Amino acid sequence: MSLIGILFYAFLAIIAVASALAMLIDRNAIHSALYLVLNFATVAVLYLALGAPFIAFTQISVYAGAIMVLFLFVIALLGAEKLSGSEPLKTHRPLAIVLALVFIVEIVLFTVFRNQDISPMVILTQDFASPKNIGLTMLTQYALPFEVVAFILLSAAVGAIMLTKAERSPAYKLSHGEK
Amino acid sequence: MFLHETTSMDPRFLLVPLVVFLPVVGILLNWLFGKRLGEKGIGAIASLAAGGSFVISVILMLALREHTEGAVVPFMQWISVGSLDLNWTFRVDTLAVVMMLVVSGVGTLIHVYAVGYMHEDVHHQGDPARFRRFFIFLNLFIAAMMILVSADNFLMLFVGWEGVGLCSYLLIGFWFEKGEDGLGNARAAKKAFVANRIGDFGLLIAIFLIFWNFGSLDFETVFHQVPFFASSQPGVLVAIALFMLLGVTGKSAQIPLYVWLPDAMAGPTPVSALIHAATMVTAGVYLMTRSQVIFSAAPQAQQVVMWIGAITAIFAALIAVGQFDIKKVLAYSTISQLGFMVAAVGMGAEVAAMFHLVTHAFFKALLFLSAGSVILGMEKGLETNHHGHGEGGEHTDPQDMRNMGGLRKKMPITFWVYLAGTLALAGIAPLAGFFSKDEILAAANETNKFVFVILISAAFLTAFYMGRQVWMVFFGKTRSSAAEHAKESAPLVTVPLIILAILSILGGGLNFPGVLTLEHWLEHTINIPHESAFNLIVAAGSLAIALVAILLSWMVYGRTPLADSKSIDPLAKSLGGLFRAMNKKFMVDELYQAVILKPYTRISDFFANPVDQGFIDGIVNGMGSLANSLANGLRKLQNGYARTYALSVVVGIVAILAYLLFRV
Amino acid sequence: MTQMSDLLTILPVFIVVIWAVLLLLIDLWIPKGRKGITALLAVLGLATALGVDLAIQGQTSFAFNQMVVLDGFSSFLQVVILASGITAIALAYDYLKRMDIEHGEYYVLLLFSIAGMMLMTQAYNLLMVFLSLELLSIPLYVLAGFARSRTESEEAALKYFMLGAFASGFVLYGSAMIFGSTGAIDFPGIVAALNNGSANLILFVIGAALLLVGFGFKVAAVPFQMWTPDVYQGAPSSITAFMSVAVKAAGFAVLLRVFLVLFPSLADKMTPVLWMIAVLTMLVGNVVALAQNNIKRLLAYSSIAHAGYILMAFVGYGNGEVATNSISSALFYLVAYGLTSFGAWALVIAIEKEYGKGLMLEDLSGLGKRYPWLGAAMLIFMLSFAGVPLTMGFWGKFYLFRTAVQAGNVSLALIGLLTSLVSAFYYLRIIVYMFMKPGDRELHIDKWVSLVLVVTALAVVALAVFPGLIFEWAAQAVMLLQ
Amino acid sequence: MELVLMTFFPLVGVLALVLLAPHQKNVMRWVALITSLITFGLSLWVLSQFDPTKSTNMAVQLPWFRLAGVPIEFYLGVDGLSILMVLLTTFLTPISILSTWKAVEEQVKGFMIFFLLLEVGMLGVFLALDLVLFYIFWEFTLIPMYFLIGIWGGKRRIYAAVKFFLFTMAGSILMLLAILYLGLQAGTFSQPQLIANRAIYAGAEMLLFLAFGIAFAIKVPIFPLHTWLPDAHVEAPTAGSMILAGVLLKMGAYGFLRFNLPLFPQASVQAAPVMAILAIIGIIYGGAVAFAQKDVKKLVAYSSVAHLGFVVLGIFALNVEGVSGAVLQMVNHGISTGALFLLVGMIYERRHTRELDAFGGLWKIMPIYAGISMVVTLSSMGLPALNGFVGEFTILVGAFGSKVYGSPWFAGVATTGVIIAAVYLLKMYEKIFLGPVTHSENKSLKDLSVREIITLAPLVVVIFWIGIFPKPFFDLINPAVEQLVQLVQSAAMVLH
Amino acid sequence: MPISYFLAISAIMFVVGILGVVLRRNALVMFMSLELMFNAANLIFVTYANYYQVLSGQIFVFFIMAVAAAEVAVGLALMVAIFRNKHSIDIDQMNSLKG
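Protein chains in written order, with my numbering: chain A, 187 to 365; chain B, 985 to 1648; chain C, 13 to 494; chain D, 15 to 510; chain E, 1036 to 1134.
Read the hints as simulated data drawn from the structure, not as lab findings.
Capping the alpha-carbon separation at 35 Å, the derived lysine-lysine pairs in DSBU-like fashion look like this:
id: 1; chain 1: D; residue 1: Lys441; chain 2: B; residue 2: Lys1568
id: 2; chain 1: C; residue 1: Lys459; chain 2: D; residue 2: Lys39
id: 3; chain 1: A; residue 1: Lys351; chain 2: C; residue 2: Lys369
id: 4; chain 1: E; residue 1: Lys1133; chain 2: C; residue 2: Lys365
id: 5; chain 1: D; residue 1: Lys441; chain 2: B; residue 2: Lys1582
id: 6; chain 1: B; residue 1: Lys1550; chain 2: B; residue 2: Lys1393
id: 7; chain 1: D; residue 1: Lys457; chain 2: B; residue 2: Lys1162
id: 8; chain 1: D; residue 1: Lys460; chain 2: C; residue 2: Lys381
id: 9; chain 1: B; residue 1: Lys1620; chain 2: C; residue 2: Lys449
id: 10; chain 1: C; residue 1: Lys449; chain 2: D; residue 2: Lys460
Every value quoted in this text rests on a predicted model; they were computed, and no experiment measured them.
Model the full assembly from the supplied sequences, consistent with the hints where possible.
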């Protein structure tokens, strides 16, 4: 692979990791959300590089677009970008970081370095991950999961409504003769 | 249930179970109907039951005269397990019948006496309802004692052995609310039982040893094998003999277990006479005589027996000298005399022991009963005094000889019979004690001079303390108002005394030197290696010593009687510390208290609290609290923070991965 | 293409899902305050599904390109789950009204969740596993927070949601690893890759471990159990009851199938891990329960502990000789635990005063005396939990420990027995409060709750007298395991 | 079928009780009493058909279900080891029920139900020949007893009840494990068949012996596993203590006889000296601790530790004398200690205290009571012509000559138990009955009522019966014991 | 690019996601971190879908996204509801249930 290619990938990697860390570290929830969007976008580029255009675009539209917007909306709605009060679990941080490092070492050491010999990316056939192909597969071979996802979404919708439906105030109930 | 022996035997032998069952019938009758019968009826039934036993014993004796080999009368299967096959079998032989006669004969007399005595006593103690109970216990005792002496095996002997122990317990504690602190009698009863149990422990071990070595507990079977064991395993025989001896020291009040007997005087006087002088305490002597084969095959053990008997004889005699309680003197005297008998057995002079046993039963029963009569007289005196003079001053102990004096005139019959008993006991010829004691002394003279000296000293002391007693009780002037008002007892009391006095006087004839009726009688049952010879020198010597002792006692007590109940014993002045030690019984009770009882109490407290509740239960409860503290510790981890929970998931996966990956 | 036979394979699930959707619509027409009708309709749906399930017992088939499987194992667990669902509705009927949280959506969401669980028992593809996991979880997140004006309920929902999603993350990552290792997400594909040696074992092991975390979370295995007490306590009791049985059943269903189908080759590696998890779960669950005074929390810890017992059956999953016994013992235990658990929860529901109130142990005082029958029932449940004979719980433990011994894990059986001794202590505490302390609490037992009490109590005892029935059924279910 | 009928007959009473209204207390008592009496009658019927020479009488062997191919059977049978236990159970139950006539006023229904259930459990334990069935009955007895202590007990009843339950359960844990192992290895749970298949599991005998042994040792209880006993006894209501001491403790000793000895004979032989030492410690230690007690019930409770020490000593003598004596002593202890608890209960009903110091001189006030107490105390002390002696003597003879102990020292030391027993029992008797009446409350105590005498009378009769004529009892026991001992000894031969 | 490259990125993202859940108090940020974890998984799926040339990996990712959306709906609704009660989305304040 060319040097530019390598630099390109390195750049992506740096952005992906940096944005993730930034999301973790930044105290402001809105900033975090924006860093996450950046991260998702970077990952989408990686998807493209991996020959998954459909997923990449879905990533942008669904994740970076819809979902993160929803997040931003809620943050704004609740005005919850920053929290007051002090950190109650002080011992957590070092422990968590140590554990995280161990975890990384475990996964990276054993998966990345020890076992995954360099295996160059294969040039993909043109229609491997085409939307058409994906769509066909999804509605034939994966018809059942597809249906299931529908029900998941439905129940999520019902649930979301249940959770946020305005509760009538006790005074209202009283005046309307409800129990 | 009942065993039948088909071999022909004198049908009179088949009556033998009645010696046990007549008293049992007496118990049942009195138990069921006693309340309605009244004192007379109760007394009559009980006495008839005991008398019936006596009659049967006599019949058996007559039968034995014709069939000297005796008989074994199987009666009932008892325990039959594996190799253990134990039956209740009666044994009628000359030895057993002697005991039966003594037990039932003396027993009957005492029953009769008790009818009179207890009538007074229950009224004096304030619980007439206990009259019936007394006779039930008394009959129970006769039954148990009969089981003991009529047994054909060690187990049935043991049954009787424990049974008489129980009766002793019940009767010592008869006035269970009386005595020191109100608990004195109860404690005395308990002491007797426990001391006896220690002895029983020894006997039990002996029985186990016998069973596992001889394969049986039947006398015949066991004794037949003894010669074989004597050559092959003499150690076993020694062990058996010594454990048996432990039993004997318990029952027959020898060192070291004699301590219960003086306290046993807490029982009503007929009990002291019957159980703690004439019959029960001689069971040990009987046992050893019965097991003569074993003892004679174990000379080492026999030596021990002899020494224990001799030391007990002198030791108890010494204590007797220092006592003031009329019954205590007799009690220690009993211990001492039992020591004579045990020593005799130890010397192989079983006949002498048996002879002394019989005569001792006569005169000691007589002495006790007379003492009882004295006490009754004193109590009556107390009551009259109480009624006559209102307050009557401080409490007067009716048993303390210092409170007596001059009773010779108040209670003449009692005095005369008492005198007879005293002379018999002191070994004055030709009364019963002279002959029997002399046989023992003669045997000692032949066997071991040292023991002989000890025994003869004991005989000297015997005469001395008996003389002291007579002088103090019957002579001089009355030293308390109770003695002043003392009255002679009723005929119901005195008639048995007279009979016993006659027996005490004539009892020596039983084994009169040269005639040796008893010896010839017993030789059908026990081995008599050589005929007891009358040793004139010994006899004369002992008689002289007894006379000297009586003279000495007259010099100390008779010539100048005690002035009043407060005055100090003249011996105390001359002997000082020794007398105090004798009076305090050489502090043996206190020693036992300090060495055994206190530590045991402490140990059991220690076991009960620090060990059981503290340590063992502490471990149990500790496990519970450990679990609880663990629970509370783990509970703190559950701190309510979702992030902590997430962290625990991470901990989990990191740990699992670490394990898995390092294993791959 | 989809065929009739495919549909038949998932017919019970299908019925439940469709019923849920229909119910959502019908509920709109049912006036407030009469949501009992919805409940009854929901039961009707579940009963239908149950009927179908019973009818297709013993059949085996694959469907939807081997996305799902129907076998004895799945039908067994589906019956358990459906019965749990029906029971949960019976318990909720009056409870929701009393707690003033009666909404038709409750039943709809419950049905969805049940559908997810049922699907989970049939999943034969990592994707299906994940999706069914979500289908069961998402409605439950909502249901846990159903009493949404109460902070406890919301707290429970939030914790459940956050940690549940966290666990889903692990499941996903694990699935990805397995996919990475074998290049397949369907079970046959994975197995094939493993068998022909093309799989990357390191990745596979990591994937397996991560899946274990995800499922361990669902069944509340230590150290992934920490959400359980909080959620159980905060969620409406009727939901807690349901979760404590059905979610566990579903979790174990998928755990069992995944391990048995995908991970037999990892057995030697996994066994110590499972051993440790089982031991920790039994220990932590039982020990911490000792310190609980809130009945719901206590039962939550107890449910953790019971998960530990069931996990015991997994330890020997790799041993071909004992595997069948192991699994059928787990199934039997699930049934025993389920019946017992519902009984106990029914009582909790009956004593709950206001939301989350009146649930301390002291509140049980004197109940046994005042309501002897109820006391007797509770006694049966507690004994069954503790594994005392003449209850289902005893046979459950008997069978479990037997297989543990058979697999050579005597130590495990011993620990199980010791911890069940510990458990006896806190179960007895409940009995102590009910029978041996004075008190005069009123109960709110409506007819459905009492029905549940009676049926479960009778079942726990009757099936203990004739346990052969369930034993055979469980054994048969395992025989047909694909 | 006789056995089934007898075992489960009390359930009829339970059913009847359930149907009664809460206020019909007297009816409940009568129902319970009559039920237990009929059960007793049924047990006599069983006795009448009993043939001591057969190893299982009236066996009922029904297939129950199969677990993973291994049959678990409903298998009941009675032999010489169990027949007396069965009779003891059915005999003591009506007496216990009768003793509650006045003592239990609250929740009579529950009490009687638990009592009858307890009877079922106990009978089952003694009859079951299938290990699993045995275990079920074994554990089942815990529950009613737990309630009897926990609801109708004294001040610390809850502690005592829980301790009782957990302690016993702790013991059963290992037993269950051993049962599982046995079943797995031998493919059967039936005791006779396991004996036949002993070779299969002989390698693990010692471990299995221990696993069973600990369960039984706790129940017996053998030192140092006894601390549940004083608590349970003291807190339990009179009838409960009675049954606890009378029957429940016997289950442990019976377990040794029924399972440990025949199933693990070699291990039994090897463990015998250790068991004997523990038993002897129990005898001496129990006696010493009893002596230190201030509470009568505690005293009696610790005396049980000592008495059962004798039983264990006899069992592990592993000869006919020892084992037969042990079986008979189990009965004796049941009768004597049961009666003692009954007596303690009667005085507690009157005075509401059990402190030794609160009494004194009662013989004068309550002569009948004192008389019966005397007999019972003596029986407990092992006085000849009363039941205790026959058992103790036989045991000690057995222990003395036991080949497995190999030394008469065991029996020798154990024999000191007779002294120790006299010490603490006489102390008890003295404190309560002898001496002057020091507490004015005691002056007005009423002597025993007719009902109370009727309650005690059968016990006293049996005390004398066994003491004087134990042959019928031994005849029942001996053949079975002989078989058992032979089995153990032949296995021991292999060992040496 | 070698596969390990993607794996490494993914692993880091996953761990950062975990850290976010464990360390951040803000429920919304925790939630975002969860999404990051999902994405890490997605990346692996896509990587290996490419490596093995099978679509199923990509399909899986698609489903994950759909489910993530559903979760977000429920999760955000939950947070809104909680915020109404407690006026905070500090998850550390939700610790009334413990012990």
